[in-house]
Every structure is written in structure tokens, then in C-alpha cells.
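Student: Here is how the chains run, residue by residue.
Number of protein chains: 4
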Amino acid sequence: MEQKGVAVVAGVGPGNGAALARRFAGGGYTVALLSRSAQTRGSLEQELRGARGYDCDVGSPESVARTFAAIRSQLGPIEVLLYNAGSGVFGDVESITPEQFESSWRVNTYGALLCSQQVIGPMKAAGAGSIVFIGATASRRGGPRSAAFAPAKAAQRSLAESMARSLWRAGIHVCLIVVDGVVDLERTRAAMRDKPDSFFIKPAAVADTAWMLCRQDASAWSFEVEARPFGETW
Amino acid sequence: MEQKGVAVVAGVGPGNGAALARRFAGGGYTVALLSRSAQTRGSLEQELRGARGYDCDVGSPESVARTFAAIRSQLGPIEVLLYNAGSGVFGDVESITPEQFESSWRVNTYGALLCSQQVIGPMKAAGAGSIVFIGATASRRGGPRSAAFAPAKAAQRSLAESMARSLWRAGIHVCLIVVDGVVDLERTRAAMRDKPDSFFIKPAAVADTAWMLCRQDASAWSFEVEARPFGETW
Amino acid sequence: MEQKGVAVVAGVGPGNGAALARRFAGGGYTVALLSRSAQTRGSLEQELRGARGYDCDVGSPESVARTFAAIRSQLGPIEVLLYNAGSGVFGDVESITPEQFESSWRVNTYGALLCSQQVIGPMKAAGAGSIVFIGATASRRGGPRSAAFAPAKAAQRSLAESMARSLWRAGIHVCLIVVDGVVDLERTRAAMRDKPDSFFIKPAAVADTAWMLCRQDASAWSFEVEARPFGETW
Amino acid sequence: MEQKGVAVVAGVGPGNGAALARRFAGGGYTVALLSRSAQTRGSLEQELRGARGYDCDVGSPESVARTFAAIRSQLGPIEVLLYNAGSGVFGDVESITPEQFESSWRVNTYGALLCSQQVIGPMKAAGAGSIVFIGATASRRGGPRSAAFAPAKAAQRSLAESMARSLWRAGIHVCLIVVDGVVDLERTRAAMRDKPDSFFIKPAAVADTAWMLCRQDASAWSFEVEARPFGETW
Chain H
-8 MEQKGVAVVA GVGPGNGAAL ARRFAGGGYT VALLSRSAQT RGSLEQELRG ARGYDCDVGS
52 PESVARTFAA IRSQLGPIEV LLYNAGSGVF GDVESITPEQ FESSWRVNTY GALLCSQQVI
112 GPMKAAGAGS IVFIGATASR RGGPRSAAFA PAKAAQRSLA ESMARSLWRA GIHVCLIVVD
172 GVVDLERTRA AMRDKPDSFF IKPAAVADTA WMLCRQDASA WSFEVEARPF GETW
Chain X
-8 MEQKGVAVVA GVGPGNGAAL ARRFAGGGYT VALLSRSAQT RGSLEQELRG ARGYDCDVGS
52 PESVARTFAA IRSQLGPIEV LLYNAGSGVF GDVESITPEQ FESSWRVNTY GALLCSQQVI
112 GPMKAAGAGS IVFIGATASR RGGPRSAAFA PAKAAQRSLA ESMARSLWRA GIHVCLIVVD
172 GVVDLERTRA AMRDKPDSFF IKPAAVADTA WMLCRQDASA WSFEVEARPF GETW
Chain Z
-8 MEQKGVAVVA GVGPGNGAAL ARRFAGGGYT VALLSRSAQT RGSLEQELRG ARGYDCDVGS
52 PESVARTFAA IRSQLGPIEV LLYNAGSGVF GDVESITPEQ FESSWRVNTY GALLCSQQVI
112 GPMKAAGAGS IVFIGATASR RGGPRSAAFA PAKAAQRSLA ESMARSLWRA GIHVCLIVVD
172 GVVDLERTRA AMRDKPDSFF IKPAAVADTA WMLCRQDASA WSFEVEARPF GETW
Chain W
-8 MEQKGVAVVA GVGPGNGAAL ARRFAGGGYT VALLSRSAQT RGSLEQELRG ARGYDCDVGS
52 PESVARTFAA IRSQLGPIEV LLYNAGSGVF GDVESITPEQ FESSWRVNTY GALLCSQQVI
112 GPMKAAGAGS IVFIGATASR RGGPRSAAFA PAKAAQRSLA ESMARSLWRA GIHVCLIVVD
172 GVVDLERTRA AMRDKPDSFF IKPAAVADTA WMLCRQDASA WSFEVEARPF GETW
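Chains as they are written, first to last, in the working numbering: chain H, -8 to 225; chain X, -8 to 225; chain Z, -8 to 225; chain W, -8 to 225.
The hints are simulated quantities; they were obtained by calculation from the structure and are not laboratory data. From the three backbone atoms N, C-alpha and C, an ideal C-beta is built for every residue, glycine too. Some hints could be false.
What the hints assert, rightly or not - With a straight-line Cα cutoff of 35 Å, these simulated DSBU-like cross-link-like pairs (lysine-lysine) come out:
| id | chain 1 | residue 1 | chain 2 | residue 2 |
| --- | --- | --- | --- | --- |
| 1 | H | K193 | H | K115 |
| 2 | H | K186 | W | K193 |
| 3 | X | K193 | X | K115 |
| 4 | W | K(-5) | W | K115 |
| 5 | X | K115 | Z | K193 |
| 6 | X | K115 | Z | K186 |
| 7 | W | K115 | H | K115 |
| 8 | X | K186 | Z | K115 |
| 9 | Z | K193 | Z | K(-5) |
| 10 | Z | K115 | X | K193 |
| 11 | H | K(-5) | W | K115 |
| 12 | W | K(-5) | H | K115 |
| 13 | W | K186 | H | K186 |
| 14 | X | K193 | Z | K186 |
| 15 | H | K186 | H | K(-5) |
| 16 | X | K186 | W | K193 |
| 17 | X | K193 | Z | K193 |
| 18 | H | K193 | W | K193 |
| 19 | Z | K(-5) | X | K193 |
| 20 | W | K115 | W | K186 |
| 21 | W | K(-5) | H | K193 |
| 22 | X | K(-5) | X | K115 |
| 23 | H | K115 | W | K193 |
| 24 | X | K186 | Z | K(-5) |
| 25 | X | K115 | Z | K115 |
| 26 | W | K(-5) | H | K186 |
| 27 | W | K186 | H | K193 |
| 28 | Z | K186 | H | K186 |
| 29 | X | K(-5) | Z | K115 |
To be verified - Estimated spans, in silico, between C-beta atoms of each pair:
| id | chain 1 | residue 1 | chain 2 | residue 2 | range |
| --- | --- | --- | --- | --- | --- |
| 30 | H | G79 | X | G19 | 39 to 45 Å |
| 31 | W | D188 | X | F81 | 57 to 63 Å |
| 32 | Z | R180 | X | P187 | 36 to 42 Å |
| 33 | H | G67 | W | R206 | 30 to 36 Å |
| 34 | H | G79 | X | P5 | 23 to 29 Å |
| 35 | W | R40 | H | R180 | 43 to 49 Å |
| 36 | X | F81 | H | G67 | 33 to 39 Å |
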């Protein structure tokens, strides 16, 4: 297998984050695993050859700058940024607090800008690169109970679109995966014991879609792609 | 003319804000004029019978809470909230700073939440009320040069949609006007001297649409309505 | 009241069609009432001063040409076209027949083109006019059981958008009302006896929105406007 | 390479149709090549092992029924339907004729229904299958000069969505590729000699996206995917 460059997974957790890390490590990338604390990364660093974990608060400009500088110097130039950091406070407009609203924006939107700004320059210089945002149903619709989450995800989608419109022509493939359903996790399984297997989105399948997006021919790039279980009502 | 209740215009400037204030004052409302400083409100307070100006930083929870408490005690219960506060830093993802990105969100999105949370409770208790957000082209699309503005407006739209989905049934008409074009202002005229009259959106026409939205029969409410000049290419 | 010109309601039935006719007759227009047979128009012709009924099959080029020629010669130049003809065969892709699919397209889409082509020329010459399409939820989404209806309504919306983009600059306001809910009719009431009043869209309210669209200032036209009951889940 | 079942390409021409046929033949499928006349299929039948050409007018129920019966009996059960038939009459609402409007609908929309209805039953019985529609920019937007084409493509998209919503749960992956740009053909190259290579969409890349859609894990299916050249302004 061809040895590839560095892929950063921002927001490594037990679901899509870990699956993305596995998929890109399996595909030959050296993977940087970003999460708030080492605990969330679990044993991924040991499991994946060449992978390296970094504690990073994606909502902090200083933390992001420090982390990406370390990645560049320790692992090399970044070819792929997979932005999976997310936060899901649910509640309607009356029950959410301004603090929850802001914190949702900080993780889903602001962090997406901060991490992107770290990689755009070098990718432009190289004339190539991929930036994949992991979105959600809420990226497209503001539901009654997603008064904090949906605005943050809609802003992330809008940022992704703005970036795609200015960066594609520089060879940087900015795109968005709309995860439209419930991801298969220990936590979600426990909360929805009555649901069949077919109800859940397999993180490995989301990661396969991200992988495919990063391999598309530049003459036919996709911007926005859903990942939705076949049994979902939509 | 029937005397109506209180309408709040958050974000009074020389364009849509002033026009909204005039339209609702002309329609019998007592209008509260919110802006950062008295200067922006100009002579509107004198011009409009019963209108009253308030210095308010819509991005500050304390300032918003203080202002709305004053309005309630000085003018009475709020029937209409017209959220017109906006900020238009333009630039692509590489040229904007995180500070500009945040400040755009704070005025367009966070302030929309803060002001809304001040009026929802009393409106619910009354079983009636209108909350109108003034959006922009960027509410729907992230253009290459609106990397700061579009995410903030998209988040505002998503918040409005979430609110509509939870508050309509309580009798509160939450809606959004997508201002899709260049508003007719001294500033915009000066910057685009070659454009004909027909190129510009008249603020009074935007205000008419807001007025109409606030008078719609509840059996046929609109959520999202464009205000676009007939000569615009879209 | 100022005497206005001619408004054509294509597709007069007991719901939105009759309400549109009443609203525009009440506003001073001479109204041409188009329906397949005189029976559907009921007593509207007698009820509305100056109104005149026409038998018209909107899906037939000859019938449409004959009808509009008669309107022009008998009532005068047409200022407003309200296209309300619609047909609602429901069923999923397996249960509908190609004939139902075609007939839905013929009434909702093809007829919209035929009637529009009759009025565009004179409206352009006059530099003014309004063409309002009455759409539905299905204009935006293909539901599992609207395999015949949704494609026809989506095509109508796309045609309206294409027309707006080429005709607005000639002074013709092409727009679309998305009726998103169940219209209040004897038939729908009988079928849904358990629903409260607030569940239904009042045809008069839809007609008010059409009226408002035809009076908008050209500097701030709307293209697409919902008519949705406040209690609707969306 | 594993031998797979039958893939039908409806609408084989020198661009996407031929590329789809090559991609799926290369992937192990027996490919049925549908076009109005043998001439359009060129030498594909000879080039692709096991492929077979069929003359078919997709807008005719009889022709479609006859063709699919022949495919089933000669090649076997159909696993994949790639609906690529399309027609691109361009013109604004005033310049197109009703005949062009209808013929565009017949090829892009009606034919999509007719072909789909031929394969759904057996795919449901098998609990698996893929139906991929090849859309266009016009699937999403009605441009001023696509008054005939856009409504047909919007209707096709709406039909695809309706089908996806009812058939996914039966194991049939219905999806849509939005080809947003100019496909690289002898004809388009000749018409746009000044454009660089990067301006054109490579048919092979569109076919790769179709292939990928047909291999997605059912826990994370995509419905709508763009194929857009990186240099495109959108």
C-alpha cells in the first residue's frame, strides 16, 4: 500500500471519529487524533500504526494553533482534515441557555473555522488537499428541539459552502457529510433498545463515504452527501 | 387608527431599521428603538409619536435583559419583535479573522436568541405575538466572500426555523424576511453610482412585507419570504 | 374603489379558487373564472359583479388558446393570472399508473405553461402583470405517497422559478404560494372530523396572501411564500 | 472478479451513458444498453463483454415494457437501473413550444417512471437493487433559459425522492447524481474551445460516483450527490 500523508481527525470519540481514524490509517495515512483528553481517544493511538494523539480544545485559537504546529513538525504536512468535533445539546428555544447555544457554536462552527485556517495555506501551496466536515440532519433543518444544535450545524454547513466556493479552484476539496440518523454507539444502543440493527448508522460506513470523497476525481467533486440508514423515515 | 401595543426594532439604522420603525409606528404601535448608540437612531425618536430609544448591545446578555426590562416597564408588553441587527464583514475564509467571525455570529445569531428569549414567555402567556428576523441572501447560501457573514445568517435562519416549529402552535408567528439584494442607502448609492434606481431594495417595501407578515391570518402563516428587486439576477 | 383590470382564476373550485375569485373581485378586478365545467364554478358568476365563467381544459392547447382569446375580447387585457388548477392523485410509485402520472403533470404543470404563454406577451408589452401559482407541500418534497403529485408540483415550481428569472425584469411578478397543509373544505372536514378548526387552512387567507403578492412594491418582490396553519407540524 | 447481475443503462450516448456502461461492465455486470437507435450505442456492444444493445423509446410504455421483458429473458434479473436518458432543449418560457416542454418531460421524467416500474417489483422480491438517476443543475434550479429542461429535471428529482422514501426500506437504493457542469464530449469541446480541461466533467468520474453509490453500505446510503468540476463557479 502506498504511504500517504497526514490526516487529522478533529473530534475523536467512540463513533465516527474512531471510524474515520481507522479508515484513513487503514488507507495509508498517518493519523493525528484530536480530542479534549487522551481518555476519549482510548487505545486508538496504540491500535493504529503511526497514529498520534493530541489534546486539543477546538474552540480555542491558541490550543488549535499549538496542536497544528505540533502535527506539522512531528508528522508532516496535512493532506486531509476530517472535522468531526460536535456537540449535541438538545432543547427548544425556551429551555436552552445562552451558554449552551454559544458552546454548541464554538465546537461545531468556530472550531471548524480555526482548524480550517490552519491547513488552507499549506494545502493551497501544495495545490491539493481535502477538508471534510461531518454534519447532521440539523445542518439542513432547525427542528423544534435543536434550537442550540441546528444553528451551529447550519453555520458549519454555510461555512463549508463558502469555503468550497473559494477553495475548490485551488485544488482543495471541501465537502460535507450529512449524517442523517442515529449513529451506532454503545450509548445510543442502550438508549434505544427497541430499535433493530437496521435503524443505526454504522460509523465505518460514514468513514467509507469520507474516504470516497477524498479520492474523487477533481472533474466531478461532490460537495454535500448524505449518510442515512435505509430504514430511516425522512 | 386602533392603538396597538409595543413593537421592538432591534438594530435601528438608516435603512431597514428606520423603515420598520416608521411602518409600525404608522400602524399604531409604540416603537422601542434599539441601537448601540443614540446617534444611529438619529431623529427617529422625535419623528415617531410615542417611540423611545434604547442603547443596547444585542450581543450582551446583561444589556439585552436590562433593555427589555426597561421597555416592559416603560412602554408595556411587547407584541412584535423585529430583529434587524446585522453586521456585514465580507471576506473569504482566508482573509477573515476568528474575531470577525465571532462578532458576526454575536450580532446576527446570538443577539437574535437573547432578544427572542426576552419576549417568548410573555407572548406565550398572551397566546399571541410576532417575531420577524431580517435575513439576507447569505441566510441561504455561503458565498465565497461571505465566510463570516453567511454562517451567522444561516445560523439565524436555522434558529428562526427551530423557533417557528416550537412556537407557532403557541400563537407566536416567527418568520424570516430574506433581503436578497442591495438596500437603498446613502452609503450603497455612493458606492454604486452606476446602478439604476431599480437595482436597489427600498427599505419601506421591506417594512411593508414585515407588516403584512404580522397581520396574516394564523390559518395561513408564512415562514420565509424574499424581498428581492425585480431587476435582480438570481 | 378603483376599478382594476382583468384577473383570471384558472381552476375554480370550492376552495382556494373561489376564494381567489372573491378576493380579486372584491378588490376591483373583473374576474374570469376557468373550470372544466360550469358546475364547479357554482354560483360564483352570479355572486361576483362582472365575473364571467369559461369552460376550459387547461391541459389542452386549443382549449386554452380559445378561452384566453375570448377573455381578452370580452373582458379586456389580463393583468393577473392566478393558476390554481391542480389535481391530487395520491399513491406510491408502485400503485400509480403512468396515466395518472401524466394527467397530474398535464393539469399542474403543462397547463401552467399553456396559460402563462397566453398572458406573457401582453403583460410584457404593458410592462406589468402578475402570475401567481398555487403550489403545495409537494412543490418542495417528494413524499412516499405523492409519486404522481409531487413531480408535477415540483415541475410547476421549477417552471415558476425559470419564469421569474426571465420575466421579473420585464415587470411581470411571477410567484408561488406553497400551500402547506389541508385546505378547509366540506370534503376535507368530512374526511377529518377529529381535527380542530386550527388544523385547516382558510382559503380566504390564501387569497389574502395572493392579493398581497400582487400589490408588492417591485423593489422588494417575493418569489416563494408559504401558507401554513400555525398548528401544523413541519 | 466476481460475476455480478444485470445493469441497465437507459440512455446510452457518447458521454455519461457510455461511461456508465464501461464502469459497470468493468465491475462485472452484464450491461443492457438502451438507446433510440443502434447508432447511438456505437461499438459499445462489441467493446463490452456480455453487453447487449436494445432499441428503446423510454417515453413509450409499450417500448419500455417490451425492452425490459427482453432483457429479463435474455440477460436475467436486473440488479441496477442507471437512468441517464435526458434531453436538453434550452430556451426561456417565451421561446419554447409546448411540444418541446412535453417532449423534455417525456424523456427525463415519464421515462424514468416507466423504466422504474419495470424493475421495482423484482428488486423488492429480491430485497435488493439500485436505481440511479442522472440529474443536472436544472434538477435543483429553474434558470431563465431552462424553461423546458428544468421542470422536467425537477420532476425527475421529486420522483426519485418519492421513490427513495418508499423503496429504501425494501432494500432498493434509489439515488440521484446532480451533474453540475458541462460534460466532456466532442460536441461540448467543439462549442467551447476556449475552456481549459479543468472546465469539463469527465464521464468516467460521474460513472465512478454511480458505482460508489451502488456499493454503499445500507446503513449509510446517500440520496443526492453532486458531480461538479473543481473549477466550476456555483
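Student: Against this structure, judge whether each hint is valid.
Tutor: Do the hints match the structure? See the list:
no.: 1; hint: K193/H / K115/H; verdict: 33 Å, holds
no.: 2; hint: K186/H / K193/W; verdict: 42 Å, violated
no.: 3; hint: K193/X / K115/X; verdict: 33 Å, holds
no.: 4; hint: K(-5)/W / K115/W; verdict: 18 Å, holds
no.: 5; hint: K115/X / K193/Z; verdict: 23 Å, holds
no.: 6; hint: K115/X / K186/Z; verdict: 23 Å, holds
no.: 7; hint: K115/W / K115/H; verdict: 48 Å, violated
no.: 8; hint: K186/X / K115/Z; verdict: 23 Å, holds
no.: 9; hint: K193/Z / K(-5)/Z; verdict: 25 Å, holds
no.: 10; hint: K115/Z / K193/X; verdict: 23 Å, holds
no.: 11; hint: K(-5)/H / K115/W; verdict: 42 Å, violated
no.: 12; hint: K(-5)/W / K115/H; verdict: 42 Å, violated
no.: 13; hint: K186/W / K186/H; verdict: 53 Å, violated
no.: 14; hint: K193/X / K186/Z; verdict: 42 Å, violated
no.: 15; hint: K186/H / K(-5)/H; verdict: 39 Å, violated
no.: 16; hint: K186/X / K193/W; verdict: 40 Å, violated
no.: 17; hint: K193/X / K193/Z; verdict: 31 Å, holds
no.: 18; hint: K193/H / K193/W; verdict: 31 Å, holds
no.: 19; hint: K(-5)/Z / K193/X; verdict: 25 Å, holds
no.: 20; hint: K115/W / K186/W; verdict: 45 Å, violated
no.: 21; hint: K(-5)/W / K193/H; verdict: 25 Å, holds
no.: 22; hint: K(-5)/X / K115/X; verdict: 18 Å, holds
no.: 23; hint: K115/H / K193/W; verdict: 23 Å, holds
no.: 24; hint: K186/X / K(-5)/Z; verdict: 32 Å, holds
no.: 25; hint: K115/X / K115/Z; verdict: 48 Å, violated
no.: 26; hint: K(-5)/W / K186/H; verdict: 32 Å, holds
no.: 27; hint: K186/W / K193/H; verdict: 42 Å, violated
no.: 28; hint: K186/Z / K186/H; verdict: 31 Å, holds
no.: 29; hint: K(-5)/X / K115/Z; verdict: 42 Å, violated
no.: 30; hint: G79/H / G19/X: 39 to 45 Å; verdict: 44 Å, holds
no.: 31; hint: D188/W / F81/X: 57 to 63 Å; verdict: 32 Å, violated
no.: 32; hint: R180/Z / P187/X: 36 to 42 Å; verdict: 51 Å, violated
no.: 33; hint: G67/H / R206/W: 30 to 36 Å; verdict: 31 Å, holds
no.: 34; hint: G79/H / P5/X: 23 to 29 Å; verdict: 41 Å, violated
no.: 35; hint: R40/W / R180/H: 43 to 49 Å; verdict: 46 Å, holds
no.: 36; hint: F81/X / G67/H: 33 to 39 Å; verdict: 35 Å, holds
The structure does not agree with the numbered hints 2, 7, 11, 12, 13, 14, 15, 16, 20, 25, 27, 29, 31, 32 and 34 stated previously, though it agrees with the rest.
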